[in-house]
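In order, the protein sequences belong to chains A and B. The opening position of the first sequence corresponds to residue 1305 in this note's numbering, with each subsequent residue numbered one higher. The opening position of the second sequence corresponds to residue 36 in this note's numbering, with each subsequent residue numbered one higher.
In short, the hints are calculated from the structure, not lab data. Careful, some of the hints might be misleading.
[To be verified] Keeping only pairs whose Cα atoms sit at most 30 Å apart, straight-line, the calculated BS3-like set for lysine-lysine is: (1) Lys131/B <-> Lys1584/A; (2) Lys258/B <-> Lys99/B; (3) Lys258/B <-> Lys1584/A; (4) Lys1453/A <-> Lys258/B; (5) Lys258/B <-> Lys248/B; (6) Lys1616/A <-> Lys255/B; (7) Lys255/B <-> Lys167/B; (8) Lys248/B <-> Lys167/B; (9) Lys99/B <-> Lys248/B; (10) Lys1616/A <-> Lys99/B; (11) Lys167/B <-> Lys1616/A; (12) Lys279/B <-> Lys167/B; (13) Lys258/B <-> Lys279/B.
[Unchecked claim] Just so you have them, the derived chain B footprint on chain A, three or more residues with Cβ under 8 Å: (14) 1312 to 1325; (15) 1338 to 1352; (16) 1382 to 1395.
[To be verified] FRET-style restraints, in silico, Cβ to Cβ: (17) Gln112/B <-> Leu1628/A: 30 to 40 Å; (18) Trp1386/A <-> Pro138/B: 53 to 63 Å; (19) Tyr1389/A <-> Glu118/B: 29 to 39 Å.
Ideal Cβ positions, reconstructed from N, Cα and C, are used throughout, including at glycine.
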Amino acid sequence: MNPNIVETLNVAREVAWLPWAVQYFFLIGLSYGAYLLSLPGIVFRRPGWAGISRLALLGALVCGLAAPVALLADLHQPGRFWHFYAYFTPSSWMSWGAFFIPVYLGGLLIYAWLAFRPELARHAASGGKLGGLAGVLAYGGHDSRGALKAAALLTFVGAGLVALYTGAEVAVVQARPLWNTPLLPLQFFVTAFAGAVGLALLFNRFGLRDAAASRRMAGVLAASQVAALAVGALCLALGVSGISPVHVQALAEVGPSANWQLSAVWAVAATVLTLVLAWKAPGSGLLIGLLALHSAWMMRWSIFIGGQEVPKTGAGYYSYALPLGPEGLLGIVGTAGLWVFLFVLITTLLPLDRLAAGTPDKAAA
Amino acid sequence: MKKAFQIPDPAARAVSAPPAPASPSRRNFLRGVPVLTAAAAIAPTPAIASTGRQQWAMLIDVRKCIGCQACTVSCIQENAVPEGSFRTVVSTYSVKLTDSAQPAGTYVLPRLCNHCDNPPCIPVCPVSATYKREDGIVAVDGDRCVGCAYCVQACPYDARFINHETNKADKCTFCAHRVDAGLLPACVETCVGGARIFGDINDPEGELARRLKEAQPQLKVLKPELETAPRVFYIGLDERFTGKVEGQGTLWKPRSLPHA
């Protein structure tokens, strides 16, 4: 800060991407991360992964269905969402995103349905809650491997495109040096995947409490934290060394701020703590799960809300206070409420215990 | 001087556009420039359109700005800008002086949409709601805008915002509705010091082109390194204020309407 210049009059621009946007990026990231975690058990049938992957697929579904609602709510004209399809604009990543989301979600719904069909049939046969509905949805309850793999592939393409666009959309904004780095999409991806592992850990904790699955996921989570630290260190090194001008600018934007310094220390400490716990105490599924989710959310909050607190022309920083209405806290709580509703709805048909069990026999036991 | 803000050479333009109405800068020309003689002021300037299409631009002579915010207020009045939002404002800074007996001086910097020739806000719009008019004005199609605020993020000049009364992207339009009617933008009309000069950059006889040409060596634009090619030019722009200002931020924040 230059103490020779004091801004006496200027406009403080309010944040234009609201907490809804944070919720969207958080949930869609968790969704595609959890989808990836569903592959080893469901598609590749790796031993020991069946329960993990089915819990992850549940997470992908719940988060994936809640995310677009948050995205719509962030539009100031949500009723005009169809304009995205009527006026395609190839120069805009957001415009592409409007087409990538349905590819991903469409694929995910088909994939999840094919994966859970036998489970739905079992639920109906065992006379579970809403068994009739489960029976209808099961539609015979066949296990169609070929179709499942095809749907998983379609979802994989969609997930890749969603991960690409959500990262690129933010990273291309030259006007915000904090966002304008090529590593940002990678940071989104790594933290999203780690958060998804955290979510699956929580599901496991509140389901069967399968200790072996918990340890397995702790290993994956530890690896993801190493990756997160590595990417973070690379960003910092590029900024400090001056090798990459965009990273130098990004660092210069927030480096002098005490708030940002605290956030950075907090983020690194949380990541290191998650890593150490996942490595040394892999049984602490609840704690490391919550920590991973917290880091994924906080990273997005800092980037989006914190990033918009940096004036583009004015001096210093704007100060954001979370409003309590739909443009603030209510948006966060509302999204969480929708998430809970979807979770309850889906787990009524597909009980957590049944999903967490590696095999149908284990669930019966 | 960077290429990004070179004034286009009117002679290089194709002579194809239909005749255009006289430049609104005439009024400014008549009204606010005391150095001109009356004879010069009333001298006709024929064949304005013979040099090509109109391209509106603004020159801000910071030396003449007194920071009165008449432009800010007239813009709000003219364009019904909601409370707490601004299409133009005069950023005001207190700057420590080293070469004077006074401890500090005031620096003022009128800001508005730069109507860039290479506008970063346009390619990001997911529905092509924002566009550049033939005459260079960057505008928003309010019937198409979805209010996603991507353009707000992409503008390096913090010139865009979401209007909480319309829930659409909002910005300075160079008062296109006035300009189309042959009037000056409200901020130019009310500028007390005559610091804002508006006109057709392609009209070599016009006030704007003439003043731009005269001031060429000292012309500056904001954030030239981004190569947005702004159509708002400055005379007397201090180097320390061309980008994000390094200084102590203001604590003042306008009260904005609670938005739905």
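Note to self: Are any of the numbered hints broken by this structure? If so, which, sorted upward?
What the structure shows: The structure conflicts with hints 1, 3, 4 and 15, although it agrees with all the remaining ones.
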